[in-house]
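**Q** Those protein sequence lines, which keep their order, are chains G and Y.
In short: position in the first sequence from 1, add 61, done, that's the numbering used here.
In short: position in the second sequence from 1, add 79, done, that's the numbering used here.
Fair warning: there could be bad hints in the mix.
Stated by the list, open to error - Simulated restraints, written as ranges between beta carbons of each label pair:
| # | chain 1 | residue 1 | chain 2 | residue 2 | range |
| --- | --- | --- | --- | --- | --- |
| 1 | Y | Gly95 | G | Asn145 | 47 to 53 Å |
| 2 | Y | Ser142 | G | Gly116 | 33 to 39 Å |
| 3 | G | Gln107 | Y | Phe162 | 21 to 27 Å |
| 4 | Y | Asn107 | G | Gly105 | 22 to 28 Å |
Unchecked claim - To be clear about the criterion: a stretch of chain G counts as covered by chain Y if any three or more of its residues have a C-beta under 8 Å from a C-beta of chain Y, and this derived list gives those stretches:
| # | region |
| --- | --- |
| 5 | 107-118 |
| 6 | 160-174 |
Keep in mind that the hints were calculated from the coordinates and are not lab data.
Bear in mind that the values here come from a model prediction, so they are computed numbers and not experimental data.
Ideal placement from N, C-alpha and C gives every residue a C-beta, glycine not left out.
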Amino acid sequence: EVQVLESGGGLVQPGWSLRLSCAASGFNFDNYAMTWVRQAPGKGLQWVAGINGGGDYSYYTDSVKGRFIISRDNSQNTVHLQMNIVRPEDTATYFCAKYARPLTGSTHIDKWGRGTVVTVSS
Amino acid sequence: DIQMTQSPSTLSASVGDRVTINCRASENIFEYVAWYQQKPGRAPRLLIYDASTLGSGVPSRFSGSGSETDFTLVITNLQPDDFATYYCQQYDTYFVTFGQGTKVDVK
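Could you build all of it, start to finish, from the sequences and the hints given here?
**A** Listed below in structure tokens is the structure:
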């Protein structure tokens, strides 16, 4: 069974850093791009970042570019989101998700984690 | 980035109704559209991909159609479990984007 499980959320002060992790299982991990999608309280879904299966290509939405870093460890089947210089508007539930088709990040999402909550506040 | 404009933002309906949700892309995205259902406090669930292909385990009362810039999700014979928020998503590029969501609530 395919599973994706996030961890690392919490309360962080503006300007500080936080690292989210995502443990995946049940599929050939290094064949699939992975992504982070966030949802601010009471708002819609916003794609944040993606990374290819090999971990050598990553891409970001403009609002986090230069502050967030997505990475993966294929030996541990994990994905990380390093959140630096966080802002109050980064407050959201962060979902880790698996893209459905192998070898591409230009496809739909077929498995989502339950999400981890990040609150940026002083 | 490709913008996805979803309508309506809220839709009130009754059990047994036929419900239609629309999504318009800011440019031609062929059939690279997915639809997701989300309930409060839960992760989204895939319903439809490639504009019209039903996801695994999704009831046949859900259907999708459209191409290029205009897409539709239809729920026929609305069931109590279907009251939720629905999102479209384009994946014509790696920089995927979502519509703003449509909340289907009880009339």
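**Q** Does each hint hold? Answer for all of them.
**A** Hints and how they fare:
Gly95 (chain Y) and Asn145 (chain G) have their C-beta atoms about 51 Å apart, which keeps the hinted 47 to 53 Å range intact. About 37 Å separates the C-beta atoms of Ser142 (chain Y) and Gly116 (chain G), a value consistent with the hinted range of 33 to 39 Å. Range check, Gln107 (chain G) to Phe162 (chain Y): about 23 Å between beta-carbon atoms, so the 21 to 27 Å window is met. Checking the proposed 22 to 28 Å range against Asn107 (chain Y) and Gly105 (chain G) shows it holds: the Cβ atoms sit about 23 Å from each other.
Check on the region 107-118 of chain G: 3 of its residues sit with their Cβ under 8 Å from a Cβ of chain Y, so the three-residue criterion for coverage holds. Proximity of the region 160-174 of chain G to chain Y, defined as three or more residues with a beta carbon under 8 Å from a beta carbon of that chain, is established by the 9 residues found.
The earlier numbered hints are all upheld by this structure, with none contradicted.
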